[in-house]
Structure formats: structure tokens, C-alpha cells
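Two chains, two frames, some hints: make the complex.
As you go down the protein sequences, you meet chains A and B in turn. Mapping of the first sequence onto this note's numbering: residues 1 to 287, in sequence order. Mapping of the second sequence onto this note's numbering: residues 1 to 417, in sequence order.
Think of the hints as simulated: they come from the structure by calculation, not from any bench. From the three backbone atoms N, C-alpha and C, an ideal C-beta is built for every residue, glycine too. A few of these clues could be false.
[Unchecked claim] Calculated pairs, DMTMM-like style, for lysine to aspartate or glutamate (alpha carbon to alpha carbon, straight line, at most 20 Å):
hint : chain 1 : residue 1 : chain 2 : residue 2
1    : B       : Lys-212   : B       : Asp-186
2    : B       : Lys-316   : B       : Asp-376
3    : B       : Lys-284   : B       : Asp-321
4    : B       : Lys-266   : A       : Glu-124
5    : B       : Lys-237   : A       : Asp-132
6    : B       : Lys-184   : B       : Asp-92
7    : B       : Lys-288   : A       : Glu-174
8    : B       : Lys-357   : B       : Asp-377
9    : B       : Lys-212   : B       : Glu-238
10   : A       : Lys-90    : A       : Glu-174
11   : B       : Lys-266   : B       : Asp-348
12   : B       : Lys-371   : B       : Asp-393
13   : B       : Lys-85    : B       : Asp-58
14   : B       : Lys-31    : B       : Asp-348
15   : B       : Lys-266   : A       : Glu-174
16   : B       : Lys-284   : A       : Asp-132
17   : B       : Lys-415   : A       : Glu-124
[To be verified] Short, incomplete list of chain A residues facing chain B, as computed with Cβ under 8 Å:
hint : residue
18   : Gly-11
19   : Leu-13
20   : Leu-15
21   : Phe-119
22   : Ala-261
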Amino acid sequence: MSFVIVQVIVGGLLLGAVYALFSSGLTLVWGMMNVVNFAHGDFVMLGMYVAYLVYSLLGAGPLIGAPLAMLVLATLGVVVYFSLIRDIMKGPMLAQILGTFGLALLLRYSVFWWFGANFLSLPENLVGGTLDLFGIRIQASRLLAGAVALVVTLGLHLLLTRTSLGSKMLAVAEDSTAAQLMGIRPDSMQAVAWAIAAGATGLAGALIATFFYIVPTVGETLAIVAFVTVSLGGFGSVPGALVAGLLIGVIESLSGYLIGAIYQDIVVYSLFLGFLWFRPQGLMGNS
Amino acid sequence: MKFNHVVGLLCAAAVSVALAGQACAQDKTVKIGAVFPLSGNAASAGNHAKAALEVAMDIINNAHPELGNFPLAKNAGLAGLGGAKVEVVFADNQGSPATGQNQALRLITEEKVAALTGAYQSGITLTASAIAEKYGIPFLTGESVAANLTERGFKWFFRTTPIATDFVNVYHDFLTDMKAAGAKTDNVALVHDNTEYGTSVANTLATGFKGKGQPIALDIAYPSNATDLQSQVLQLKEKKPDVVIMISYTSDAILFAKTSQAQDYKPPMIIADDSGYSDPSFIKSVGKISQGVFNRSSWSIGPAGSPTAIIAKLYKEKTGDEMDDTAGREMQGFFVLVDAIDRAGSSDPAKIQAALKATDLRPEQLMMGYKGVKFDDKGQNILASAVIIQLQDGENYVAVWPKANADKAPIVPYKGW
Numbered sequence: 001m002s003f004v005i006v007q008v009i010v011g012g013l014l015l016g017a018v019y020a021l022f023s024s025g026l027t028l029v030w031g032m033m034n035v036v037n038f039a040h041g042d043f044v045m046l047g048m049y050v051a052y053l054v055y056s057l058l059g060a061g062p063l064i065g066a067p068l069a070m071l072v073l074a075t076l077g078v079v080v081y082f083s084l085i086r087d088i089m090k091g092p093m094l095a096q097i098l099g100t101f102g103l104a105l106l107l108r109y110s111v112f113w114w115f116g117a118n119f120l121s122l123p124e125n126l127v128g129g130t131l132d133l134f135g136i137r138i139q140a141s142r143l144l145a146g147a148v149a150l151v152v153t154l155g156l157h158l159l160l161t162r163t164s165l166g167s168k169m170l171a172v173a174e175d176s177t178a179a180q181l182m183g184i185r186p187d188s189m190q191a192v193a194w195a196i197a198a199g200a201t202g203l204a205g206a207l208i209a210t211f212f213y214i215v216p217t218v219g220e221t222l223a224i225v226a227f228v229t230v231s232l233g234g235f236g237s238v239p240g241a242l243v244a245g246l247l248i249g250v251i252e253s254l255s256g257y258l259i260g261a262i263y264q265d266i267v268v269y270s271l272f273l274g275f276l277w278f279r280p281q282g283l284m285g286n287s
Numbered sequence: 001m002k003f004n005h006v007v008g009l010l011c012a013a014a015v016s017v018a019l020a021g022q023a024c025a026q027d028k029t030v031k032i033g034a035v036f037p038l039s040g041n042a043a044s045a046g047n048h049a050k051a052a053l054e055v056a057m058d059i060i061n062n063a064h065p066e067l068g069n070f071p072l073a074k075n076a077g078l079a080g081l082g083g084a085k086v087e088v089v090f091a092d093n094q095g096s097p098a099t100g101q102n103q104a105l106r107l108i109t110e111e112k113v114a115a116l117t118g119a120y121q122s123g124i125t126l127t128a129s130a131i132a133e134k135y136g137i138p139f140l141t142g143e144s145v146a147a148n149l150t151e152r153g154f155k156w157f158f159r160t161t162p163i164a165t166d167f168v169n170v171y172h173d174f175l176t177d178m179k180a181a182g183a184k185t186d187n188v189a190l191v192h193d194n195t196e197y198g199t200s201v202a203n204t205l206a207t208g209f210k211g212k213g214q215p216i217a218l219d220i221a222y223p224s225n226a227t228d229l230q231s232q233v234l235q236l237k238e239k240k241p242d243v244v245i246m247i248s249y250t251s252d253a254i255l256f257a258k259t260s261q262a263q264d265y266k267p268p269m270i271i272a273d274d275s276g277y278s279d280p281s282f283i284k285s286v287g288k289i290s291q292g293v294f295n296r297s298s299w300s301i302g303p304a305g306s307p308t309a310i311i312a313k314l315y316k317e318k319t320g321d322e323m324d325d326t327a328g329r330e331m332q333g334f335f336v337l338v339d340a341i342d343r344a345g346s347s348d349p350a351k352i353q354a355a356l357k358a359t360d361l362r363p364e365q366l367m368m369g370y371k372g373v374k375f376d377d378k379g380q381n382i383l384a385s386a387v388i389i390q391l392q393d394g395e396n397y398v399a400v401w402p403k404a405n406a407d408k409a410p411i412v413p414y415k416g417w
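For reference, chain B alone in the conformation it holds in the complex (with noise of 0.2 Å):
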């Protein structure tokens, strides 16, 4: 009897996969990967990366004629593939570059997606676009900036976001700007967790800093997830830099803005590498005694009716939070990633890979501020570029430096709290 009963579940539950592969193989989804940290202590930034996505999906799977000719937003699904729909499967980083590479080889063999897209931290983006690569399967992060990412001689990966060469230029001209305007610049000081992220835009900035004629000051690395950081607040106190940047994730630049107001330590000018200063649960935390900080940004919100103020209501809708850079950068990098896909007409990697490659994006189709996306032969959008902006009432960035897409002037100095 009990034989019999085990015999009878398998049976149904052979007919019900073999019917489950059926409906889907009917309904012709395209199924995506995309590993974030949605636990661990980047969690926050994880999760708004998957709402990102989320509502992204929302834009390319239903019809949203009021976004005009923004790419993938008029019809419901792909075109490309006769209205078929996309699936994201969210993985789990974790925090951790083996967790990350681990569950990008799951979502490919078991999930068998199409594309992956990931994984916020470089560290992990490195990882498990390696399995990427191995299986053939093309990858593209819209959001990992460490500069060694592309310099591997990939032929699957791509990324759509600036990256720190591009901050070199972007930090060095804002800086010889302030400096005509009659600010100090000349003592530069470089603050950067010794992540993955940290250490290697750290070093891209102070090679290209070198580079430029203007050597770093002072470079203070710090352990990642720190539980003080009197220390270092106290070696900028002492050696007086005119301008801080700062590369740190959340939880580190939350507690070096209330060390700081505690140890009274106001810099002349901060200006954030995006990342934590960009988390909306940084400014919510700490806005109010960061007052002033710069950051770099590829995010503006446009004017009302335009299709980055409607995609920024959409987001805030569902998270209810303001749209940040590195959300956007997300976004940005999962549309370019699924037109490639209508554009190929199908779910084959190998023509994703070609399309990916004859990606030609002009900045009326994008989100992001991008001049627009093109990939090189190493796979970094050639066309990515980044502005100033600036934390002025503690509560919002507003755009301040170039001159061009500036809403508001620079203020100097650090105001702080």
C-alpha cells in the first residue's frame, strides 16, 4: 500500500513537471539572471537593485505608450521575439564573492537563463562573470565600476556604466573648475575600504590623479563593515587635506559622517564616490550632517512628463524612495541588456553576445545621462559619462558641475551639519 502511494506521487509528479515544461515552453518567456546582494550587509543596496529591475520588467512586459519611444516601453514583451515576456531570477550574493559565483553557475544550469546581470559589489561581479564567461553565457552589470573588470579579456561581459578611468577626468576637471572659482584643491586625500571596489578605483584614482600632474596627498584604506572609524577621522583632522574622496559602502560612509560630526572634522570639500552616498538610506541616515558632500551621478530626474520622471514615479512607487544613480545605472544596464535580446530575435546566447556587441544607443534612448551606450572590444560602453552633484539641504542631490547640466551652483565650503 504505502509502495503504491509513493509509486502513484512519483507518477503525478513526473506528469506535472512534464505539463509545468510544457505551459512554459508555450508562454516563450526569456529568463534572465540577476545576482545581487539581497542579504548581507549591502543588503539594502541589493534590494533596491531588485526593485529596480522589477519595475524595468514591469516597463518591457506591459504596455506603457506614455513613456513615447523609450526602447521596449510601447508593446507588451519583446517584439523581437513575437510579445515574449521576461522572467528575472533573482539570486542571492550574499555579500560574498563565492556565494555570488556559486549561485551564477545554479542560474545558468539549473535556471538555464539566457543572460546574467549583477552583482553590485566588483568583487562579486568579478567571481561570477567567470562562470559567465566559461559557460557562454553573456553578462552585463550595469553598476560594477572596478576598473580590472574588462581588462580580462572576456569576450561575454559588458558593462554600461562609467567606470574609474572616467572618474579621473570627471573628478580632476570639476576640481581644476573650483580651483579657477577660487577654491582650494591642491591636497587631495583618497579614503577607501579595501574591498575589491575600493582598492581598485583607489588606485585608478591616484594613477590618474599622478597622471594629471597632481599626485594624492594622502590615501587612508580602512578594513570594509568597520566598527570605528576615529582612527582615520583623526588622521584627516591632523593632516588637513582641502579635498576628501571618499569610496566606502554604506554602512562605513553612515559611520564616518557621524564620527566626523562627533571628532568636528569639516573638510573643505568631500566628494563621494557614489555607492554608499548614493544608498537613499544614507541620506535618510546621515543627509542632515553631510550637508554639502559631492558625488558623482549619471541620474537626473528630467522634467515632469519626460520618461526618466515617470520612470522615477514608477520606482517610487514601489520602493518609496527616490530613484539614485546606482538603481538607475542598474536599470539602465538591464534595458540595454534585454534590447540586445529583441534585437536578436531570440534567446541563443551566442546571438545575444552578437547583438550586445552591435549595441548603438543614442541619449534619447536611454535613462541614465549617458552620451550613449557602445560597447569597445573589451566590452565598457565607450560613451558612459558621469556629473556633479551635490547634497545641499541634506535631503536631495541636485545637479551642480558640468556648467551645462548644472540645476544649481557648487557650494563650497563642506558645510557638514
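Isolated chain A (complex conformation) (with noise of 0.2 Å):
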């Protein structure tokens, strides 16, 4: 009983890295902008389809899927920056709501109609399969995704709070036309956040692609947890986003094991719910 209680544990903490991977994006793009990113959830299928195609085509893992995502999310990030989101941070809320859910749709269907609704998958063993220690079953593949979803917290955290590059993109945050009279240009820093987002986005859906099925909707059920994940960890950072992917994949393993998984859900909401309602901030947000 206790030793399978260890393993549901391993298995939640390596599935709360992966819900901390991919939510990493969507909460550095509010906290740099305030703006909400309802394409997010595509933005994770498209990494997940480049993985697919490298894989395909060149026969290659995510080694060299996983960077290729990364630079196509982060380019795709500057353009969707430029073409879109500029003009509708302008307008109102609701503006960003329909304009980024307009491009969700956009992509989905994009793929939909270049690669059909079929569901697709990376062969098991593209990540080294399965270890075994002391009968603790780990996949390598959910291995890596969470030790990336590590580095990629850590680096993104050290950017924003060691480097000028950051700071910059922290002034702008704040107060975009201070950090222009401070000769920061507000456009540049932006569309450098959204590069920076669209690419752990990328590089976060090429790493679940290869223990996840692939398929044009996937966003659709990563997105819910996403965002779940930002606003209980604060929306706007980082660190906190990893505590909270490690917490809601502990606790959703841990009740779907004990209580049943048709209530996980309910426990996880209601404990979400409950804790917002004492600090609606989140974990590491700022009031």
C-alpha cells in the first residue's frame, strides 16, 4: 500500500512539473502585459505537431525537436505580437479575450485542415523508456519534461530578476510610458516577453508530445489546467506557477488514487476555490 502511495506521489510531482512546464509562458506574458492568452493551450499543440513533424521527417527525438519548437513558438510569438496583440492591448479587455481566442481557433483549425483530426503519437522509447528505482517506475521522457520545466522556471525567474534585459522588461510592465522616458522602448521589450513565452511554450508542448497523444484539440484540454495552474500560483510569476503545477499534480494523482479519479477534479477545484478565496493573489502574486 505505502510503496504504491510513493509511486502515485512520484508520478503527480513528474505530472505538476509538466502542468508547471507549460503554464510558464502563459503567466510571464500577464505579468509582462496583462494580457491573457486564450491561444496559449494552441500554442503548446503547435510545439507538440513540430515535435511530430521532426520526428517524422528526420527520424530525431526532442533533442533537436524540442530547440527547433522553441525558435518556430518564439518567432511565431514576435509575429503574433506585431500583427495582433500591439493593437488589441489598446482596446479594451474583452479585445484581448475575442483577439486571442480568434487566434486559437485560427491554429486549431490550421492544423486541423494541414494534418486532419487524426490523433498521432511519438513511438514509447524516443526518451529512453522506462526506469526502474527500487520498483519506483519513472518515465524518462516525463524524467526530462520535468527536469526542463526546472531550468526553464530558474532561468526565466534569474532573467526577470538578475539581468538588465529584465528589468527592462519589468519597467515596461509597470509603467510603459516611464520606461519610454527612460529610453526602454516599450514595443521591443514586448515582443521580446512574447518571444520568450511562445518559445517555453514550444519547448514545453515538443516534451509532452512524447509521452502524450497528439491532436489538433489537445490545447483545449492543457489549456483548462494552465491557467488553472497561473492564477493558483499568481498570475505574473513564475516560481510560483512551479509550486502550483507541483501541488495540483500531487493532489490530483493523490485523490484521483485514494478518493477516485472521477472526484479529483472536484477536490482540486474546491481546494483551488477555497484557497483564492483567502488569497486571491495566489501563491506568489502580487496584491
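This is the structure:
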């Protein structure tokens, strides 16, 4: 019994790290420019398809697929920023919601049209199969995703708090007019923020693709978790997303195992709402 | 000037609408509405359904003498309506019962369809057919299996597929035979999602097995489109049931296969309840790590040159995929519906309803392995039946039970990967 519980917790932590990984981009965009990106799940989906293409055309795994997905998505992030986000940011909140939601549908159905509706999948042993640690089974692909989640979180946190680029980005987020007076160009800073956020999301997608199915609508399934993770962690807080992701992963796994999978969402969301009742800004968000 | 333009355009539009209307009347087509999940998480199944109906339309609307006496194939169009063509208007239910209902309403009131078919997910068939009932339009489902669909006292609802109460017998008889052959089949676990399909089939199986003196040992429900199924797999691994019956759509079926491999979990026997496990993209994605999974089916490709083999070939040319049981049942349902319209000799819904009620098709007139098609008062096909198939090599299902229909002997235990 206790042995299985260890397995459940380990699995929950790995799951949580993955949740954190694909939530970091969402929280960054929110923190940097107060934009809720409803196309976030579809950015993850695009990252998965890049990984799939790399595998099916080159036969290569995430070693090539993940950096490439990061590059492709970062480029897309910049394009999306200049062609869409820059303009809708001037409009009301509703414009952001509709704008990014429209983008989500555009991306989803473009992939639909190109790849069709079939479920795709990468081979199970692309990232070294499953490790057996004293009877605790750990999928190498999930371990890799978890490790990258830690690195990405740490990297983004250092970038924002320890570098001049980070300070400039935060300055623009705080007061774009004042930043402009100090000689910082808000436009380029925000474009950089979008590139980083979308790049991290693409990276996440490429890694998730190694153990999840790939389908044009997969973004819908994942996006809900990302939004919950980000609001629990605190909108804009990258370390918050990591802690929140791990928490949700472990709670989900434990409640799924102990009480029953059908109730795991009830447990997670009641705890989530209860928590927000006491701390609406989330774990590490600024009030 | 501008005003004149507008008036001119309006006139032109009015004239073209009038002309188009006339053209339709001369062409004589019968419109049938089809509600399927063309987008959303079940889009893979929905698009295969669409392709299946398009192949059926080709067979009906064009002459296909190579199909011999297969109903509706020989001549072009419907003989009973002076060679009228059949046109299917597809609508996307997006995987949502509310959308399915709205689309049914639109097809009936805007497109003026003579009958409806669909809607893949039982939960959506439930809502869409309620609209058809209200408007007095026949609704035939070829694939939705939730038992309660035909328990609503509806007058306009018909179903050709075998349903959950039939599966109880199929699975139980199969397991009894397997037990006689030496397999352990005492502890049966049900794993199912929380959709209309998942819960209703699980309930019917649980009640049915109990009635046969073999209560279900373990019942695991999970939310559909799960992001993770590890805790479910670990529960199974700990409880060690002899047989696991999986009632899942494609997304969860794939995730279950991947998670089972990661956790090194192989039950002695897995029986899949069709659905996700029949989706060609399930086999392509995880067939190689699901070797030996049993499944139910009413489809068999038959010998070369037989109508079923020709239909399968047409379907493969269109989709690139092998014909599967779900697409086959949808296609069969559509043929039964169009056959009734042909016999009714009219696109009047009441006459189609009467013709559906009088349906009496024999096995040789069907593409699916039913014992025939004949509806009871509730609209359920009383001659529907299914066999057990097995994914022995991870690529193609083969019929393994009952012995009379089997191509190969069933292999136990479950091999996995």
C-alpha cells in the first residue's frame, strides 16, 4: 500500500512539473503585459506538432525537436505580437479575450486542415523508455520534461530578477510611458517577452509530445490546467507556477488514487477555490 | 445612385434565390441531415463517419453493378423516387450536446432535411434526437449505444446498432467460453469515462453481469479527456482483476495504453468496448503496445469480391484507413435509412417513419454482420449482434469469437508490447 503511494506521489510530482512547464509562458505574458493569452493551449499544440514533424521527417527525438519547437514558436510569438497583440492591447479587455481566442481557433483549425483530425503519437521509447528505481517506475520522457521545467523556471526567474533585459521588461510592465522616458522601447521589450513566452511554450509542447497523444484539439485539454496553475501560483509569477503545478499534480494523483478519479477534479477545484477565497492573488502573486 | 445599386443587388439576389429554388425542385434530391463531431476531441471519429457516409452516397447516387444485389447499389439514385439523388448535409456537433441540438434544429428548420442521422456520442444523440422527435422528423442512429436512447418512448427514433444490453450477453458468453478453455475470468473490472456513453454502458454491464451471477469486482470511473490516468492504472495494478473492460473514447484509450506501458501493467485480459479502440488512429498510435486487446465488432471484411470487400476498398481509397466497426455501423445505419426513404417513395417524414417501421432486411442485404434489421416498438433493431475481435499483431483486428465466425483462435494472456 505505502509503496504504491510513493509511486503515486512521484507520478504526481512529475505530472505537476509538466503542468508548471506549460504554464510558465502563460504567466509570463500575463505578468509582462496584462494579456491573458487564450491561444496558449494551441501554442503547446503547435510545439507538439513541430516535435512530430521533426520525428517523422528526420527521425530525431526531442534533442532536435525541442529547440526547434522553441525557435519556431518564439518566431510565431513575435509575429503574433506585432500583427495582433500590439493593437488589441490598446482596446478593452474584451478585445484581448476575443482576439487571442480567435487566434486559438485559427491555429487549431489550420492544423486540422493540414494534418487532419487523426490522433498522432511519438514512439514510447524515443526518450529512453522507463526507469525502474527500487520498484518505482519513472518514465524518462516525463523526467526530462520535469527537469526542463525546473531549468526553465529558474532561467526565467533569473532573467527577470538579475538581468538588465529583465529589469527593462519589468519596467515596461510597470509603467510603459515612464519606461519610454528612460529610453526603453516598450514595443521591442514586449515583443521579446512574447518571444520568450511562446518559445517556452513551444519547448513544453515538444517535450509533452513524447508521452502524450497529439491532436489539433489537445490545447483545449491542456489549457484549462494551465489557467488553474497560473491563477493558483499567482498571475505573473514564474516560481509560483512551478509550486502550483507541483501541488496540483500531487493533489490530483493522490485524490485520484485514494478517493477515485471521478472525484479528483472536485477535490482539486474545491481546494483551488477555497484557497483563492483567502488569497485571491495566488501563492506568489502581488496583491 | 448608391440606393439604386442596393436595390439592383437585392433584385438580383431575389431572382437568383428564386431560380436556385426552381433548379432544386427539378433536380429532385432528398436531403438528409448528419450531425457528427467534425471538430473537437472526437473529430477523428466524426471525420471517419463523414467519409463513410460519402462513400455510401456514392454507392447510392451512382450505378455500382459490381455490388450485385446490395440494396440501392445497382441503379443511380433512388428507384422509388424516380432516380432522385441523396444529398447529405453535414453539421458539426463540436463534441457538445447543446451544439448538437442546435445543429439538429438548424438542419430541420433551415435545411429542411427529410431525416437525420448521427451523432456519434450517445450524449449528443440524446439531445439531437429530442429535437427531431419534437418536429416529427425520423432520426436514425447507426452507432450510439447508450441503452436509454430507445427507452424514452420516442416515435421517430430508430437504432440499428447492437446496444449495451446485447454486449452483456456477448461479453459474458465470451468470458464463459474462455473460462472453459482455462483462462481466469472471475474478477471483472470496468474502466469507463463519465460521459453518457461511458456511464450508461458501464451501468448496463454492471447490472447485466450481476444478473448472471457474476458481479463486477471493481468499477473505475474517470473524467473524459483526462490529462493523466496514472492513478487509475495503479489502482488496477494493485487490485489485479482478471479481466478489464475498457469503455473509452480515443484520447483516453491512447493515454491508458501509454500509461499502462510506463507502469508495466498488463492485465491477463482486456476487452475494449469498441469506440476509441476501433479508431484507426488508436491502432496507428498505440496498436503496437496494445497487442492482444479484445474488442467487439459487427464488421468483417469478407472474401475478395464480396460487397463488404468492395465497400471497404472504396472507403480505403477515400480515407487511406481500413474500414472499422464504428464507421461501418454508421454507414449501415445510413443505408437502412435511405432504403426506407426509397421504399416510402417520398421525402415526407411520416411516410419515411412508416417505411422504417416496416423495415425487414436480411443478413445478405447488409454490410454489417447483424442477423438482420427489424425494429421493435421502441425503434431498436432486434436482430443486431456483435462478435469479438482481437488485435493480435498490433495492426489489424481479426475475428476470434464465436467459433463459427472466427478467423483465428483467441490468444491469452494479453501481450501488450
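Does the alpha-carbon distance linking Lys-184 of chain B and Asp-92 of chain B stay inside the 20 Å limit?
violated (44 Å)
Double-check Leu-15 of chain A for me: the hint is only fine if its C-beta lies closer than 8 Å to a C-beta in chain B.
holds (5 Å)
Lys-371 of chain B paired with Asp-393 of chain B [C-alpha distance capped at 20 Å]:
Given that 20 Å is the threshold and the Cα spacing comes to 29 Å, the pair is violated.
CA of Lys-266 of chain B to CA of Asp-348 of chain B, is that 20 Å or under?
The hint is violated at about 54 Å.
So if I understand the rule, the pair passes when the alpha-carbon distance is 20 Å or less; does Lys-266 of chain B with Glu-174 of chain A pass?
Given pair Lys-266 of chain B, Glu-174 of chain A is violated - Cα atoms ~55 Å apart, limit 20 Å.
Between Lys-357 of chain B and Asp-377 of chain B, does the CA-CA distance stay at or below 20 Å?
holds (8 Å)
Pair hint Lys-212 of chain B and Glu-238 of chain B, alpha-carbon separation not exceeding 20 Å:
Given that 20 Å is the threshold and the Cα spacing comes to 26 Å, the pair is violated.
For the pair supplied as a hint, Lys-284 of chain B and Asp-321 of chain B, is the alpha-carbon distance within the 20 Å limit?
The given pair, whose Cα atoms are some 10 Å apart, holds under the 20 Å limit.
Lys-415 of chain B and Glu-124 of chain A: Cα distance at most 20 Å?
holds (16 Å)
Hey, does the Ala-261 of chain A contact hint survive, CB to chain B under 8 Å?
holds (4 Å)
So, Phe-119 of chain A near chain B? Judge it on the closest CB pair being under 8 Å.
At 4 Å from the nearest chain B Cβ, Phe-119 of chain A passes the 8 Å test, so the hint holds.
Quick one, are Lys-316 of chain B and Asp-376 of chain B close enough, alpha carbons at most 20 Å?
violated (34 Å)
In this structure, the earlier hints numbered 2, 6, 7, 9, 11, 12, 15, 16, 19 are contradicted, and the remaining ones agree with it.
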